[in-house]
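**Student:** Sequence:
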Amino acid sequence: MNLESGAFLVLAAAAVATALLALLVRELVHTILWIASFFIVLSGLYFLLQANFLGVLQLGVYAGAVTILLLFGVMTTRRRIFSREAATGIGPASIVLGAGIIAVFGILVAGLAGATTGSGPNSYPPALLSQAVFNVYGPWLLLVGFVMLAALGGAIYLVREGRE
91 MNLESGAFLV
101 LAAAAVATAL
111 LALLVRELVH
121 TILWIASFFI
131 VLSGLYFLLQ
141 ANFLGVLQLG
151 VYAGAVTILL
161 LFGVMTTRRR
171 IFSREAATGI
181 GPASIVLGAG
191 IIAVFGILVA
201 GLAGATTGSG
211 PNSYPPALLS
221 QAVFNVYGPW
231 LLLVGFVMLA
241 ALGGAIYLVR
251 EGRE
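Numbering of the sequence shown is given in this note's numbering, commencing with residue 91 and proceeding in unit increments.
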């Protein structure tokens, strides 16, 4: 194992750990801080893969701006964000839903892996990826968009004023 493989394994393990911690902690502010940590680790993966532009973009936009936006949004909508009243966390339904999404994603990745023409990183044509995303998997991508829109509506409902 060379140094790059070891660094990739360490960063991948840190990414999985920070993503799980973001899901499992009870305080909302801690969740946002773990998400920021995940974004930073992900930018490290981009730098390791020599995608410097994506690494800088990940640090600037996601680890910086999106994290600040999340913190600002929470601070303006929750009165007591550091108290147990603002506690979050996941339940059994969320775990089952997450496992289902991971299974569907695994099936999609396995389908895309069968469509590759070679084994190297440069042997996968981007046109094949765009054709798969926008032709074959286009309706599924649209469905994911609608699910995210419903989640946004649910979040607005949960933080609206006067809900007791």
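Think of the hints as simulated: they come from the structure by calculation, not from any bench. Take these hints with a grain of salt, some might be off.
Each pair of labels, with its calculated beta carbon distance range [stated by the list, open to error]:
| # | residue 1 | residue 2 | range |
| --- | --- | --- | --- |
| 1 | VAL186 | GLN221 | 19 to 25 Å |
| 2 | PHE224 | ALA200 | 16 to 22 Å |
| 3 | LEU111 | ASN142 | 33 to 39 Å |
| 4 | VAL199 | LEU144 | 30 to 36 Å |
| 5 | LEU187 | VAL146 | 31 to 37 Å |
In this text, a Cβ means the ideal position worked out from N, Cα and C, and glycines have one as well.
**Student:** Taking the hints in turn, state whether each one holds.
**Tutor:** Results for each hint:
Restraint check, VAL186 to GLN221: a C-beta distance of roughly 33 Å breaks the suggested window 19 to 25 Å. Between PHE224 and ALA200 the beta carbon distance is about 19 Å. The supplied range of 16 to 22 Å therefore holds. Under the hint 33 to 39 Å, the C-beta atoms of LEU111 and ASN142, about 27 Å apart, miss the expected range. For VAL199 and LEU144, the hinted distance range of 30 to 36 Å is not satisfied, since their beta carbons lie about 20 Å from each other.
For LEU187 and VAL146, the hinted distance range of 31 to 37 Å is satisfied, since their beta carbons lie about 33 Å from each other.
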